[in-house]
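Number of protein chains: 2
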Amino acid sequence: MRSAEVIAVGSELLGSTRTDTNSLFLSERLSALGIDLRIKSVVGDERADLATVLRQALERTDVVVLTGGLGPTDDDLTRDVVSEVMELPMSEDPAIVEKIRARFERRGLTMPEVNRRQAMVPRGAIVLDNPNGTAPGLFIDHQWQGRGRRIVILLPGPPRELQPMFDGVCAGPLRERAGTERTYRTSLFITGRGESHVEQKAQPVYSRWRDRTPPIATTILAAMGQIELHLSVRDTDEARAKATLARAKEELLAVVGDDVYSTDGRVMEEILGDLLKERGYTIAAAESCTGGLFTSRLTDVPGSSTYVRASVVAYAYEDKTALLGVPTEMLNAHGAVSEPVAVAMAEGIRARTGADVTIGITGIAGPGGGTPDKPVGTVVIAAIVPGQPAYVRTYTFLGGRAMVKFQATQAAMDRVRRMLTLTQRGF
Amino acid sequence: MRSAEVIAVGSELLGSTRTDTNSLFLSERLSALGIDLRIKSVVGDERADLATVLRQALERTDVVVLTGGLGPTDDDLTRDVVSEVMELPMSEDPAIVEKIRARFERRGLTMPEVNRRQAMVPRGAIVLDNPNGTAPGLFIDHQWQGRGRRIVILLPGPPRELQPMFDGVCAGPLRERAGTERTYRTSLFITGRGESHVEQKAQPVYSRWRDRTPPIATTILAAMGQIELHLSVRDTDEARAKATLARAKEELLAVVGDDVYSTDGRVMEEILGDLLKERGYTIAAAESCTGGLFTSRLTDVPGSSTYVRASVVAYAYEDKTALLGVPTEMLNAHGAVSEPVAVAMAEGIRARTGADVTIGITGIAGPGGGTPDKPVGTVVIAAIVPGQPAYVRTYTFLGGRAMVKFQATQAAMDRVRRMLTLTQRGF
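Quick mapping for you: the protein sequence lines, in order, are chains A and B. Residues 66 to 492 (the working numbering) are what the first sequence spells out, left to right. Residues 66 to 492 (the working numbering) are what the second sequence spells out, left to right.
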């Protein structure tokens, strides 16, 4: 079991702007078992197309993961097509019918008859329980047309259903069938720097690693609000692989420095949350152009209610005055997007909540509202932490409205992170 | 020219969480020419894999669009593989070399020799100018191995380079070769109902459309916080196609009813924003468990600053009292997650901002904090709109923290939508 393909099923995915988080997840989990994801396909709800793509994948790959198309409706074709292509007839599994029925009943509902489709199981398949939805998954290990042994895994499309189910597969039936070599990965997340800056610092370091035995593969990726360096190494020995990656990370840290905010996969809102918890600090925000996104991101972290106190989103001048105590004269003299106002917002939310750490963010997210002096993307961020003078800076972010909002929240969180770690290394 | 496939080339795309905007763009432009995007593949920088995927695409599809892999480096394989699979030898185009050289010189740089690779052109290919980068595109119209005529289009991966180049292709060589039939699409978005409920209502209606001439294709999709019905029809006559889709939509509306919140692709925050603008109302929110997400979603809409006043996120009891005036006795008597508190939050933000429409949201997003009485996912939503009694209801949402937060904001927005359209049809 060396190579894998992913086939995502659903016409809506062909023209979707939604982020595909499944591929990254599957590729990481597969590679942890030493299996490389080589090709990913997206196929609409057309029986013939799905059958062709599945046949071609089975011709060249050991493991095929199909996501989506397991729902109860007519255009959910994945089960049928797998049964046909693998030549494994299906029958209804009464235990699955009962589980789906019980799931509906817990919510006071009657199971619609169409959901019975989800209980059809190809001969010999292992049924994968779905704790977060009605569609069970399937794991098939079967010889295919004289080409050899093939693993075919069917999973529902929603990440929250797919992820725990695939973790179960990786811990169970797939692990038993995988080889002894594994891929080990680690990453560094950097914010406040561009891709070419990071590349210039990092390339002389990681280019030397290609000729090591085993080689360390490095990928540099520009994501929203951050640059990511992903390192991976294949090895049969876990301790040795981890030591290799730890040394490699230290070498990169020596050149990239405090711009690295995470070395263990934690995202910014988790890093900041953990810093606040460690220090026993609470946080509150006064937001204008970010419209609540700063606080919403912080509260995406489970347990954040212990350190997130409150926030005020104040768009209009009068709300900045009424809710945050920003003086009207200051607003008139400097404009809402100005350093004195950002500081007054941070001070205002601090006075009203008593939080230890407070933030003020005001800016122009666009597409309207820009001026020659303050173009779209101008954002002023103020931060107050205990025992330090108030910080304030005017940033200019590129991109559309969503990008400006996100980058502003990222910069604000990173600023607090840097202030809280001032006397020690930056992570 | 009826069907198309897209092949995106690049190892970094296999494990990326970046949003793929190229597919949506290409699928919309192709469908405007009556060409259906049927399959999308992502292939790493492996020569053999790319050759296989391209051959298979050519076997079954009229138009193949390849994106990426046109750069100057060793792992940019697209040109080479296309030349090999299509059996069209390449030669260097001196005009392209000159353009690339000039582009470097304008920036005061010397063209590196590796960039000559980008000037290699397969026999008979039309060169597509790239105003925003060095890699030119290629348009190939050629018979392929007795299977018939095939169009192969090579474009660079970055959207700002790809988009103007493909628009040129669609206005020129591809349009000349496309038929007169086009695909027209529309959609209905539904919230507050499950997929099987919508399917049971809608299926008897749309199943009849398959036998119409021309048939209407229907896809049902469960997205976060909503169910989507996507309809499409192929026709040579635009007015007739649009009338067909309009009638079909009316038939669905008659059975699905007020649960449909959008019939024109606008998402909930846009629908609500437009309703508020029409009525000249402002909105403010008091959020607890949603942590600012309600207001952040509203402010994702350009121009929302005209109707979004302010919001307060208050997690702790004392902040609900200090910032929103929720009486301490009420919090102690009923708990923070209770209908009286949700109403008091909506009233509190109304008193402090004077906004016309206000919302109070309080609940348990999880994973901690649940009790037997109020399990994780319990959310109370209160809404106040002018001239109506305050609304309050306790919901139970399934899913993880992010899902509960999103569904709560979706339900709150939908509630306001319904209240604002009480005396008319629901959209």
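Just so you know, the hints here were simulated from the structure itself, not pulled from any lab data. Heads up, a few of these hints could be off.
Same chains, same names: a pair is fine if it fits in one copy or spans any two.
[Said to hold, decoys possible] DSSO-like mimics (lysine-lysine), calculated; alpha carbons at most 30 Å apart, straight line:
#	residue 1	residue 2
1	Lys-266	Lys-314
2	Lys-342	Lys-439
3	Lys-307	Lys-164
4	Lys-164	Lys-439
5	Lys-266	Lys-307
6	Lys-439	Lys-307
7	Lys-342	Lys-314
8	Lys-314	Lys-164
9	Lys-342	Lys-307
10	Lys-266	Lys-342
11	Lys-314	Lys-439
12	Lys-342	Lys-164
13	Lys-266	Lys-164
**Asked** When no copy is specified for Lys-266 and Lys-314, does a C-alpha distance of 30 Å or less occur within a copy, between copies, both, or neither?
**Response** within (13 Å within a copy, 56 Å between copies)
**Asked** Is it within, between, both, or neither for Lys-307 and Lys-164, if the alpha carbons may be no more than 30 Å apart?
**Response** neither (41 Å within a copy, 43 Å between copies)
**Request:** Can you give me the call for Lys-164 and Lys-439, within, between, both or neither, at a CA distance of at most 30 Å?
**Result:** between (59 Å within a copy, 24 Å between copies)
**Request:** With 30 Å as the alpha-carbon cut-off, assign the pair Lys-342 and Lys-439 to within, between, both or neither.
**Result:** Between. Shortest inter-copy distance 26 Å satisfies the 30 Å Cα cut-off; intra-copy 36 Å does not.
**Prompt:** Is it within a copy, between copies, both, or neither that the alpha carbon of Lys-266 lies no farther than 30 Å from that of Lys-307?
**Reply:** Within. Shortest intra-copy distance 23 Å satisfies the 30 Å Cα cut-off; inter-copy 55 Å does not.
**Prompt:** Between copies, within a copy, both or neither: which fits Lys-266 and Lys-164 at Cα up to 30 Å?
**Reply:** Cα proximity of Lys-266 and Lys-164: across copies only (24 Å, versus 55 Å in one copy).
**Request:** Using 30 Å as the alpha carbon limit, work out where Lys-342 and Lys-314 are close: within a copy, between copies, both or neither.
**Result:** Answer is within: at 26 Å inside a copy they meet the 30 Å cutoff, but 52 Å across does not.
**Request:** Measure nothing new, just compare the shortest in-copy and cross-copy C-alpha distances for Lys-342 and Lys-164 to 30 Å and report within, between, both or neither.
**Result:** neither (41 Å within a copy, 47 Å between copies)
**Prompt:** Using 30 Å as the alpha-carbon threshold, which applies to Lys-266 and Lys-342: within, between, both, or neither?
**Reply:** Answer is neither; intra-copy 32 Å and inter-copy 50 Å both fail.
**Request:** Classify it for me, Lys-314 with Lys-439: is the Cα-Cα distance of at most 30 Å met within a copy, between copies, both or neither?
**Result:** neither (40 Å within a copy, 45 Å between copies)
**Request:** Up to 30 Å between alpha-carbons, please classify Lys-314 paired with Lys-164: within, between, both or neither.
**Result:** neither (47 Å within a copy, 35 Å between copies)
**Item:** Copy assignment of Lys-439 with Lys-307, given that the CA separation must stay at most 30 Å
**Value:** neither (48 Å within a copy, 44 Å between copies)
Going down the numbered hints, you'll see the structure goes against 3, 6, 8, 10, 11, 12, while the others check out.
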